[in-house]
Amino acid sequence: MEHFVFTDNVKLALVVLYSVIFILMAVVKVIDTVTEKDMENMWVRLKSFFLIVAFFTLAFCFNKIVAFLFLTLISYLCFKEFLSLIPTRRTDRNVLLWAYLSIPISYYIIYINWVALFYLWIPLYMFILISVRMVMASNVEGFLKNLAVIQYGLMSTVYALGYLGLLAIIPMQYNPKGGAIGLLFFILVFTVSNDFIQMFSGKLFGKHKIIPKVSPNKTWEGLIGGVIGSTLLAVIMGVLLTPFSVPQLVFAGIVLSIFGFFGDVTMSAIKRDLGVKDTSTLIPGHGGILDRLDSLLFTAPLFFHYFAYTYSIVFTRG
Amino acid sequence: MFEKILKYLFFLCIVKPYIYLVLGVNINNADNLPKISQGPAIIVANHNSHVDTLLLMSLFSMPQILKIHPVAAADYFCNTKLKSFIFKTLIGLIPLKRKFGKATKEELFKDINEALRAGESIIIYPEGTRGEDSTIKEFKSGVAHIAAMNPDVPVVPFYINGPDRILPKGAFMFVPFIADVYVAEGIKYDGTPTKVFTERIEKIVTSLKEEHKKREEL
Numbered sequence: 001m002e003h004f005v006f007t008d009n010v011k012l013a014l015v016v017l018y019s020v021i022f023i024l025m026a027v028v029k030v031i032d033t034v035t036e037k038d039m040e041n042m043w044v045r046l047k048s049f050f051l052i053v054a055f056f057t058l059a060f061c062f063n064k065i066v067a068f069l070f071l072t073l074i075s076y077l078c079f080k081e082f083l084s085l086i087p088t089r090r091t092d093r094n095v096l097l098w099a100y101l102s103i104p105i106s107y108y109i110i111y112i113n114w115v116a117l118f119y120l121w122i123p124l125y126m127f128i129l130i131s132v133r134m135v136m137a138s139n140v141e142g143f144l145k146n147l148a149v150i151q152y153g154l155m156s157t158v159y160a161l162g163y164l165g166l167l168a169i170i171p172m173q174y175n176p177k178g179g180a181i182g183l184l185f186f187i188l189v190f191t192v193s194n195d196f197i198q199m200f201s202g203k204l205f206g207k208h209k210i211i212p213k214v215s216p217n218k219t220w221e222g223l224i225g226g227v228i229g230s231t232l233l234a235v236i237m238g239v240l241l242t243p244f245s246v247p248q249l250v251f252a253g254i255v256l257s258i259f260g261f262f263g264d265v266t267m268s269a270i271k272r273d274l275g276v277k278d279t280s281t282l283i284p285g286h287g288g289i290l291d292r293l294d295s296l297l298f299t300a301p302l303f304f305h306y307f308a309y310t311y312s313i314v315f316t317r318g
Numbered sequence: 319m320f321e322k323i324l325k326y327l328f329f330l331c332i333v334k335p336y337i338y339l340v341l342g343v344n345i346n347n348a349d350n351l352p353k354i355s356q357g358p359a360i361i362v363a364n365h366n367s368h369v370d371t372l373l374l375m376s377l378f379s380m381p382q383i384l385k386i387h388p389v390a391a392a393d394y395f396c397n398t399k400l401k402s403f404i405f406k407t408l409i410g411l412i413p414l415k416r417k418f419g420k421a422t423k424e425e426l427f428k429d430i431n432e433a434l435r436a437g438e439s440i441i442i443y444p445e446g447t448r449g450e451d452s453t454i455k456e457f458k459s460g461v462a463h464i465a466a467m468n469p470d471v472p473v474v475p476f477y478i479n480g481p482d483r484i485l486p487k488g489a490f491m492f493v494p495f496i497a498d499v500y501v502a503e504g505i506k507y508d509g510t511p512t513k514v515f516t517e518r519i520e521k522i523v524t525s526l527k528e529e530h531k532k533r534e535e536l
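Chain order of the listed sequences is Z and W. If you read the first sequence in the numbering used here, its first letter stands for residue 1, the second for the next number, and so on. If you read the second sequence in the numbering used here, its first letter stands for residue 319, the second for the next number, and so on.
I should point out that these hints are in silico values taken from the structure, not numbers from a laboratory. Check each hint, because a few of them may be wrong.
[What the hints assert, rightly or not] Cross-link-like lysine to aspartate or glutamate pairs, in silico, EDC-like; alpha carbons within 20 Å at most:
| id | chain 1 | residue 1 | chain 2 | residue 2 |
| --- | --- | --- | --- | --- |
| 1 | Z | 271 | W | 451 |
| 2 | W | 532 | Z | 273 |
| 3 | Z | 271 | W | 498 |
| 4 | W | 531 | W | 498 |
| 5 | W | 401 | W | 429 |
| 6 | Z | 145 | Z | 40 |
| 7 | W | 521 | W | 451 |
| 8 | W | 531 | Z | 273 |
| 9 | W | 527 | W | 349 |
| 10 | W | 406 | W | 393 |
| 11 | Z | 213 | Z | 273 |
| 12 | W | 527 | W | 508 |
So that you can see chain W by itself, here it is in the shape it has in the complex (with noise of 0.2 Å):
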């Protein structure tokens, strides 16, 4: 309970006004926006910097922003016991390990399952680290494999642009931009292969990346 009114403290006095106010958000194709309050789902983006997790939480109301956890690098965000509580506590971010040796996928993925079945949404790069610039990498299948394990969770596209001007990979001082945020329909695992059906995600984000592209060179 504690740890929830953090949360909500966290993002309703600080995140979104910094997001909304210093920031500043344009929201294409808002009906695509999943109803969290009403069922999981599994949000995927790119990723360039690390204000696209405040960014993406914030596109949703406080309540729902309770129920979304980000999963992130275990070894960059929780290898201390102070940055573990913090990210945990402010953000509700769930670990995952890179590195997993022999660990099976029930294993590996035990803290999403758990949330995922428990109603709780997810955000995940599938990109798996943050980009130097605004290309998108090769999308790992992790996502896929969530997505088959929860076949009743949609996976909702987004493509993010700009937190890669605001704060780049290694810069320490933002700049302020507006970003723009597209969001695409929620699709559900086919039972197709995992690599046919990350690739199909992946091919979502960059048609939502080439919408951005025709709407900027007009």
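Chain Z with its partners taken away, still in its complex shape (with noise of 0.2 Å):
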């Protein structure tokens, strides 16, 4: 049985930054007990950041066969909460069913290293299927709208969250310091990190509003001061985590912040357009795990693709 390298590096790595949300917890309770400030919405945030954290961690320490298991079964409940979120048609359901077998289909060609194929799987073989299906069901009113919900929500959790698996299978020779659990850690932390630089930095400075229509609480003090914080802490993983340089870490670090932000955003104009708040509730007072993971649909095909750019990787279907 395959199992995932954990260098050196990485380990250092992830007891930083245990031991970094272990401190924030603690910090945030000491705030909220001795002030009147109300810190339950910071609270909330690290609770997710943690059991995100954990998760992972958890999932990738067994073998490879548990962590693809485990995408799965992200892509799968993030694509169940994007399709309650919507009213499908009734006629529907069997092009449902047949979108739903796409996830495991695309985890397993991942799985054996058939990358070229897992670009084209959701992208064009499910996007000729979907139609096929949805045509066969014989019903013409809404077939576009319905047929570009499904296509899209393919795309998002599970052809763009897909890129978590990719990056596992990346060979170790491309990154001898962390691994391929190395980036996964790096794209990962980061972006929930951004997440959370953002929204502090936007608490702490926050006055002009860059999309007052799609998430009211997003200001440019936010994003800038998001984009900084988190650009330093692309530096700081990079240099322990990946062969990237320096300067290439800080183009990174404000690509994928920018982007991270861009991910989240979409999501809230989606669920705006919809009308609900929150994707679901599987995790009391956080959302759903696609509310938690909206930003890592863009920030992990565009760190992945930059990192395959750069290193020019070849995989070997084994």
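With the hints as a guide, bring both chains together as one complex.
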């Protein structure tokens, strides 16, 4: 059975990460009890940060099969949350069943290192298959809308999130310092922290709203503070866990921070369009998984392709 | 005892993971959930799918689930010995005859009354059968009769949205969706004619449906 390699640098990063989370949680608790400030939101964010990191650490500790089953489950839950938000037609039940079945197939394709097929599976083959199955249901009312909704759902929750699996199979030789786990750790912690730093700096300095109609809490100050803070974090983590040079990390930090923001507000815009606040209440007080991973939908693929382009990765089917 | 263990394991290992992980539930006004461990309740809901019962029961804690008995059509669920054994053991089902001829109320509802008097709770669908889509059919008065015979037991109306998409009547393959459940405050039988009381229950379920629609169209 294949296991993931946890290099010394990754172990060090994990220890630091958990310490930082616990220290922050303690600080928030102290502020909450000593002062009158409402720290509820901060506390909830920290707790879900901890939960995400803990689940990922646990899943990747065992072996490749457990990790991929875990990723399949995440995509499944996200896709289900996405579909539950949207009123779908009764006649599309079978189309949705096909769409669900594409999730394990997608991860199996990554599991066997057939990366070229992964690139095509959702964007091309499912694009065709969903249309085929939907035509067979022969209901033209709302056809295009439902076709588009299902395809968009698959693209974001299965294809984009699938890049986490793709990062996990990057061969060790391309990243001796941190391995595949180092890259996964980097993008996951970077993205979740980026949300957190943007929210925090928005709370502290926020004044000028960027897109009040989509997300009233997002301010220029929050975004800029987030980009600066996250880029700093990218450099610190990147030196430890990736082969990138500092200028490359600064570039990655800025780009990923901005697109993390766009991933977040895109899901906000979709929810606002549909008139819902959270995607679900799977984790009470935290919204659904999709609420927590929305920024990752953009950052994970971008980070993977930046890495793959820089180091001209070649995958061999094993 | 053996039956209780089977039901416990069935819900703990299969039904709860299926409902919460594979499907998912959003529960609204959870404060209204009846406290079944403290006394019986008559749980009433709209009915579109076999998933409804598993969903409703999963809202309660494990020890509470053992005290809940769905009332179901004898001719559908207990027409063979095997089916009857499975449903009675695993779900704790109470069979009810849909065609009862000359039987009196007391005879017909004997099992239900015994369960309620023993402090157990029941789930009953006043529409009498599963609806074809998400519409609510006219309620039958059986629930009001049961409530009249057990005036101390509250009737707690629920509205369930989702199972008609997950597993509609006639479908054999389920498609996962997150279900929404709405709970109203329990009401006790007030001595009005059963027809009036039935209408009152139906109105509450319909108003819960309206609440859901409002939330969807927000």
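Hints versus structure:
1. With a C-alpha separation of about 26 Å, the suggested pairing of residue 271 (chain Z) with residue 451 (chain W) is violated against the 20 Å cut-off.
2. Annotation: proposed proximity of residue 532 (chain W) to residue 273 (chain Z) holds, straight-line Cα distance about 15 Å (limit 20 Å).
3. About 17 Å separates the Cα atoms of residue 271 (chain Z) and residue 498 (chain W), which keeps this hinted pair within 20 Å; it holds.
4. For the suggested pair residue 531 (chain W) and residue 498 (chain W), the alpha carbons sit about 11 Å apart, so the restraint of at most 20 Å is met.
5. Restraint check for residue 401 (chain W) and residue 429 (chain W): the C-alpha separation of about 18 Å stays at or below 20 Å, so the hint holds.
6. At most 20 Å may separate the alpha-carbon atoms for a hinted pair to count; residue 145 (chain Z) and residue 40 (chain Z) exceed this at roughly 39 Å.
7. For the hint pairing residue 521 (chain W) with residue 451 (chain W), the CA-to-CA distance comes to about 19 Å; that is within 20 Å, so the pair holds.
8. A hinted pair counts as satisfied when its Cα atoms are at most 20 Å apart, and residue 531 (chain W) with residue 273 (chain Z) qualifies at roughly 16 Å.
9. For the hint pairing residue 527 (chain W) with residue 349 (chain W), the CA-to-CA distance comes to about 18 Å; that is within 20 Å, so the pair holds.
10. Restraint check: the Cα-Cα separation between residue 406 (chain W) and residue 393 (chain W) comes to about 14 Å, which is no more than 20 Å; the hinted pair holds.
11. Of the pairs offered as hints, the one joining residue 213 (chain Z) and residue 273 (chain Z) holds, with about 11 Å between alpha carbons and a cut-off of 20 Å not exceeded.
12. For a cut-off of 20 Å, the pair hint linking residue 527 (chain W) to residue 508 (chain W) is broken: about 24 Å separates their Cα positions.
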